[in-house]
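Chemist: Next come the chains, spelled out residue by residue.
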Amino acid sequence: MAERVPGIFRRGARILSRYIRANPLAFSLSVLGAAIYAAAAVGTTVIIGRVTNTVIIPTFESGRVERGMVISAGIAILAVGLVRASTIILRRYFAAMVAFRTQRNWRRQLVATYLEVPLKYHRETPTGTLLAHADSDIVAASEVLNPLPFSIGVVTLVVFAIINLAMVDWLLMMIALLLFPGLIIINRLYTRRAELPLGDVQRRVGQVSRVAHESFDGALVVKTLGREQDEVDRLAVAADSLRESRVTLGRIRGTFEPLIEALPNLGIIALLLIGSWLVSVGRLNTGQVVQAAALFGLLAFPMRVFGYFLQELPRSVVASARLDVVIAAEREALATGGVPVLPDTPLAVRFRDVTCRHGEDPPVLEHLDLEIPAGKVVALVGATGAGKSTLCELLPRLVDPEIGVVTLGGIDLRELDPAEVRDAVALVFQETFLFNESARENVTLGEPVSDERLLEAASIAHSIDFIRALPDGWDTEIGERGITLSGGQRQRLALTRALLRRPRVLVLDDATSAVDPVIEAAILRDLRSSLATSTLVVAHRISTIELADEVAFLDGGTIVARGSHAELLSSSPDYVRLVQAYNDLSAGEIS
Amino acid sequence: MSADVTPGSDLAEHDDLARLEHAAAFDDPTALDHERAEAAAAADASEKRGRALTVLRRGLAESPELGRGFKITVLFAIISAIGRLTIPILVQQIIQNGLLADEGFRVGFTLTACGLAAAIVVSVSILSRITYVRLVLTSESMLRNLRVRAFGHAHALSVADHNETRRGDLTARVTSDIETIARFAQYGAVAWIVDTVVVAGTLIVMSFYSWQLALVTMLVATPILPLFRFMQRRQLKGYSIVRTRVGQTFSEISESVQGAAPIRAYGLQRRSRKRLDVAMDQQYKAEMSAARWFAFMFPLGDAFGGIALASVVMIGAWWGPGWGLDAGGLIACLFLVQLILGPIAEIGEILDQTQTAIAGWAKVLNLLDQPIDVVEPQNGTELPAGALALDIEHVGFTYRTGGPVLTDVSIAIPAGTAVAIVGETGSGKTTFAKLLTRLADPTTGVISVGGISLRDIPAASRAEHIRMVPQDGFMFDATLRENIAMGRRGATDADVEAAINELGLDDWVAGLPHGLDTEVGERGEGMSVGERQLVALARAQLADPGLLVLDEATSAVDPRTERTLTNALHRLSEGRTTVSIAHRLSTAEQADLILVFDKGVLVERGSHDELVAEGGRYAELYRSWLGNTGQS
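Each protein sequence line maps, in turn, to chains A and B.
Following the working numbering, the numbering of the first sequence begins with 1 at its first residue and continues without gaps.
Following the working numbering, the numbering of the second sequence begins with 592 at its first residue and continues without gaps.
A couple of the hints might just be wrong.
Sample of chain B residues facing chain A (criterion: CB under 7 Å; computed from the structure) [as the list claims (entries may be wrong)]:
1) 719
2) 739
3) 746
4) 807
5) 850
6) 894
7) 917
8) 1054
9) 1059
Read the hints as simulated data drawn from the structure, not as lab findings.
Quick caveat, the model's predicted, so the values are computed rather than measured.
The beta-carbon is built from N, C-alpha and C at its ideal position, and this holds for glycine as well.
Same shape as in the complex, but just chain B (with noise of 0.2 Å):
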């Protein structure tokens, strides 16, 4: 009986230790994503209520191993239940049979009564560890089995339709959403099944010495749960305004330490100061609006404690005699009551917690759902190495959500042809080039490369042999070395020196700080975006493509980086079929082939020359262009 005596204080403290954790987890750069992920869970959650059977049968099926936590799960429950049942008997034993027998203290009696007792506690918490960690064995392997799986699927699912929000979205299921799942499993979860149990069985001990004060014990305790939960509900409202309040703090704080530059050449500290102490005082509100609801919330344990208790004395006291019930079994009564209210009052606790897991479990379900758009083949036919040629026939493409993007376009590219492709924002240029390398399948008609259909050609010969180079050349937290060795699958560092060489890069290496050892950053913001740039296209050395399809950067690079740049870009380009998204008009000028695409639609084809005798939008475009910078 841990602190049945207080079983408000029990809860009480626990949710002190669950924001002392929770603390901790600040340090978690996406702690307050999480928290807001958390509370649209919630939101979605109570729409969703009659749903968490169907969530609960389909996580079964996805993780097996749940099956078996099951059983665990109520192994360790019942054990834990025996536990805190034992000594609660255990003091009516002693007093109706040890201490208030008619024939006096009963020595030998109250010695085994308490062996037996002292017997069970040791072999209760014996079994108590060892059921408590297989379970914990369990839960986390299924964590860890759902995590990677729901990551791996995230990956295999087209990026054509990526952007901020879905990266975000999917960063949150293999993050925050599996974290709620982790929590309940490992709180809510065990909580769940250990206090019905705890519940049952007491109510099932308490109806032995009275079943009238069971049932008194019940109808008193029964408002807890809807309380509990009505509480619970104004406590997350308020902490859901806290954290936008928080939200806006930190936006304000960030502001003061970015914009440090301008708020001294303008002094405005005084302006940035006062708008700091606005947004510190809401959020001290607001804090203090919520920490109502909590500092409320956890005596209810007590207050209804005392309520039942008191019920539960005076009932027995009265009527008690006369159902037969004695003065060890009241006593026995009283201390179970206690029990009761604890696991009780844990219910309503959990329960939102319950639906926050639930309505996280189903959003990482839902991705596994998710159809991969960009079957690989089966058995599918390698490329040759060398240029590759371009057929596409009759090509369209429209997002799922939204219009078609690309409508009926056309075009055979010969082998080694450099092609450069214009238009404005949102022409479909960019799409085009995403249906190339695969990023996505056309709705629509049939790409072929190297005379193979696109569809046919498997994962791996792709990668090699078509290569796209985005406009900003992400990379990942390491060194500049490992970053472009990631070209090509196996590739050593005589490769990776090579592939620099090839593309005149010795210089810019050798003016690094550590040359290829050189720390990247994270996402490469170590770098400037030309030098990402840079290894975008070292990379596409390493990789040897017979395609190339470059999306050429728009932002200004400095003119050392962008003579580097160009210098390699042409190396890269040489004996390869290059496809770009062309931002200036020098890279149409040179190139074999442009294609001109508006809203969609193929609407122009052919050299610079031929098009700008055409007179189309293309002779517009450069007429513009000519204009802006005519004295140069």
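Chain A on its own, in the form it takes in the complex (with noise of 0.2 Å):
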């Protein structure tokens, strides 16, 4: 938090004029809103000045009350006063407006660029970072706007008041102009030194709930092992340091806000010495004295104010540099060339000489021919982490090849419009992901599918009987808010969600994982009887290798045979050890 940032102010102005520029009406309304506050809170002070010299001294030494006078006086101190209440609202409400776009800005901008980046950066970032900078970066970046209209104002009332002091007396005004530097001294003293503590107890708040969440997270493991005493004494060690960083920080405060109250009083004592030997010698009245001693205590706070404008300063500047790295990610290339159309009939699938590596690593998939005839079953074989996920993720353009060429019907993928591409080819992940929406909406995903459609890719992918079980059937919620679905579902709806679509190359990455094998084969089947498409299949179960037409056994980044799942086994000791190891892991699965 205590940032000490370079060239603060030149790029402190840039942001806040990008800021500025975006909401031009909004921000001039509420400066506008504090300016008059300003005018309107020094007006009060020369109102009750006057109000002192002209209706309540002459009342009191005359005995005679001048009735217009009074009323009158009462009507401006009110007036004032209103004055002051509306200002305020217009500044606050037109400050809230423009921090609140500001801050709808940068989500529209952020969450277009997690949309447009490659999955690859997905893969890099963590979703925790990604969301902390649509919520903490975000709110940091533009926290500055609230108190930037009223520091503008605190400007404007400093000016108006010491050139009012001056009006009085330019002895008074030599106290302002000694007090107020010292006020602005103190306030940046103040929170320098609160800034560290600060961001201290911000931290040990988040570490004393990280250990209680994991703790309690972990009950059932901390019981089995004994260990209560051991988690209480940890927690006792955060809350600790939480104690000890909010004592340095009440110490802080307990310092520098006593003082900053006294400073002005001093002041104000000063001024009245000063002061009443003025009228003494016949140089001010009463009423002025009384008119500058309220400027004093006016003048106090808004230092505050402004010394919080200076603290948010760094941070919205850090925050925004940061917003600004993500926001300019690299998009994903869009459709080149040419474009060709597609044919309406299941595509042959060739994979030349591909390698593929994430990141600095080494290639996942190396130098690597496959090619899946139209209309024909692949399954891909190999152990955990020999690169069939990245093999899979291909086809549809999640990656792009470091080296060599997949083509589709004979073109190049990267030739051809990626909305043709994603048309064609219908990947099913493992993992599914379901969006918090009705089963409905989660297959068909917000297209206007038939109800024919519906019911044929649902039977294709035996969902059909669990979807009608469902509470509302079709329309039941689905995820977070809704139904809990089993794995197996889970996978049987995104079966058919790709079904749906028809593709005329069905990708199956582990896609039925979780499915029970009965049904899977059953599925299986009845996908190679109904359905016109190229398929690869990635498969663990020998009764899904079986009904393929073809297997590839991948390791070690290349496909290293190929043939009947019966030619493997008498080919390839390496495929029939994986090929045992998967059946040892099926054998038995209940409840």
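Mind assembling these two chains? They're in different frames, but the hints should get you there.
Modeler: What follows is the structure in structure tokens.
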């Protein structure tokens, strides 16, 4: 938090002017409110001084009440109070508008980035970081907008007040000129000193809640290991350090708060002393002294707001710089050149000399060649980490090969319109992602689809029975706010989603792993008989492998053997070992 | 008189300040829960208004430090009040006795008065600091103790009925609830006392000049309180809508992040974009409608300041001379009027904070009042080493909320037996396992382990000799080594390595990026489910228990880890009594004894062959399994 940002004011001015230019009217209204408020506040003191001189002192000296004067004094005080009140409304409402609009704008840009960057970006950046950008970074980047209008108002206020004091008497102005820099310095010192402990407090609050979260999440393990006391000790350490940082902050507050309150008071005492001498020599009258005292009181607090502004500025600069980096992330390359249209029949797929890697790691796929003839089913078999998923992701162009070419119906994927590719290829993942919506919405993904097609897809995917059994059938809400589906049901729903699009190439990346083996086999049989599509299926179960036209054995980033299941069993000892391991696993899954 | 001329602005910016702190609190992942908890607490609070005193009394009994803290706070309040009242009195004195005195300007008096006032201002500053720091020390140590006590108590409670909600609640008790009390202790509580003393002091001083003007001020200022509360209620409601909307926006954003792959695979960017835009616009609308109250609430002080000031000037000038008021007195009253408005508005502002804090406090105290249902014995009997026999006599269990889960279960299991428990979800098999490890006590009947009633075995001995290996091997955010070492108190690195070796896990550990020093991540998420189970097994091996209760994993594990796991489990089980909650029939097949549970009743017992021959529920399960995988 304690950021010393080089060129802070230049960079701060740049970011602020960006914000202001996006919302010029709201910002101007808010500053106008702040400025009128400042004038009205000074006006109040002027009126009080006037009233003292022209109403209060004469009335009490003469004992005669000037009714007209008294009433107009009352009206003036009331009016100026109401002006102050309404200008506060103006300032606060429009300052909030600028801040919230700025936040919405940031958020729009961020989510556009999140949606348009290549998948690789998401793989490399933790979800938490991306959400933090959309949450705390955006708040930090725009927080400076809250004290900004009032800070501008404060500058106006100080200028008005100094002019006003100078009009009363230059000697009183001198006291003010001595006092205000002192206040500014103390405020700066205060915010600077409090900055670190304030950050500590926040971090340690976070630490306490992390310990508590973790500890209660693992309560069962804590119990079974008999570690309750160790956990209490761990929390006590976190709680102690939180207490310490709060006490440190308390000491700083305890030092500065009374000081900041006392300084203007001492100023007023000095002013009264000098003021009353000036009255006695006839240079001033009593009302002017009262007015000056009120002015002093007026100025103490706004100085603090200015302090918060100065404190927020670096945070905003740093956070907005961070957001700018995110927003500048490279977007996915879009359509290139000719955009040939694919025929409406099952498409042959070819991987030619494909090499693929994630970041700086050694290649996941290396010089890989594979062909899926049109309308055929190829089973992809390989150990964990062999590169099966990467191979699958090449097809809908979630990743592009570093070297080599993937062709669809004989055309290089990169020469096709991405929309055309996604229309032709459907990839079903092992991890099913469901949207927080109805079963229907999850399958149709917002596109108008006839009930017949829905039924057809759901029948092949064997999802129709359980969907019908849901409380509201197709309209049952699913996910966080709705019904929880089992792993197998989720996978079948995802398969329905893919089949509904009548893909010309279907890629199943271990997409039925959680489905009951009997149902899985039935799904694959139905797929073969009722769907004209080329299929690549990542398989673990023998029953699945046996259904394929051909098996491709992936090992060490390349296809090491191809043929029917029986052929591979006789030719590849590694294949035999792997299949044996799968076989042991699938024996006996119940409950 | 800090900002006495503009009491409204003082408050207004106070609020900006609160927002700043609030914004920073967003870094805290629990901030959102926190907000939700707060809103809920505010709702609760209104129902339980009358109970505030009860909570206060119980809270005082729980934290006797508070009594001392209260005295310091009162002292602090009086000192602050004196500080704030000094200047208006000085202004009046100087005008009355220094400037407008009959004999003209009195230098001596003015000097003395100013000197005295300066001395008071300085000493108030110093005393404020001393008392404030004492106050912080007291309240912070009280909060720290309350937090640690509540946390300890939460862990002492039975975990038998733990679920997601319950865990969230417990976390809220020791985090957000305590934080609401902390915030109240830092601002609200002090503000209450200081404001009350300042208001009372100001009215007293004012009535020295003119009791009539004091009365007028009071009458004018009173409506601030209900008005403030009214607006604050609206504002809170507005903010609670904002929170809901923010939650919706974030669930949309996280959907677009977590669903990055399917969104790209199916070209759903435009659809997501549209939904996000709707969510963000709704959030903005909610924010602006809450901002309306936020904008309208704070100028109240200025508006009322104007009314009060105008009334005092007019009434004071009109009738003042008749009441024996003088010019200095009236001017002092002008300053005093403004001293009173700030505190009154502030009280209005903290009313809801107070209720939230009291509700939070009540929740923490309620937690502390929850009886510990699993009471540890005073002088227990230690368990012997080696495999342990189990004796279960007429055991039944009923959750505090809900019907019976287990009914009259009796079975004797000789030491060294491998037992498999089979049954559908909700059959009571998991509860049965929990009772064996004393995660809860049976409602009826007795469980004896190694001939000793579970209730007579001290916690330490139980932790060592009876070990449960849960389905999901939860890990702490530390290294693998540290996580395994938790298996037994005082385990050395050599012990950890030995346990790994005994279970045949050396190859697995060697394959990890940093071996035993690999960081496992939050909740062990850096490791696969299978690997987490390996850790759970290694922990158990370290403890060398005589009774092992295993909750078999249901989720799929990759073949290599699965082999390692099976092997390790086999080695771990050797020479111990094991009770496994079986999800695979192969586990049951290999067991010495199978217990079949149905709706809380132990319906069948026997070996695999016996039960298959019997033709009951187990046989039925077995047949359906054969049907499923007939070909392999």
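Chemist: So, for every hint listed, does it hold in this structure?
Modeler: Tested hints:
| no. | hint | in the structure |
| --- | --- | --- |
| 1 | 719 | holds, 4 Å |
| 2 | 739 | holds, 5 Å |
| 3 | 746 | holds, 4 Å |
| 4 | 807 | violated, 12 Å |
| 5 | 850 | holds, 5 Å |
| 6 | 894 | holds, 4 Å |
| 7 | 917 | holds, 6 Å |
| 8 | 1054 | holds, 3 Å |
| 9 | 1059 | holds, 4 Å |
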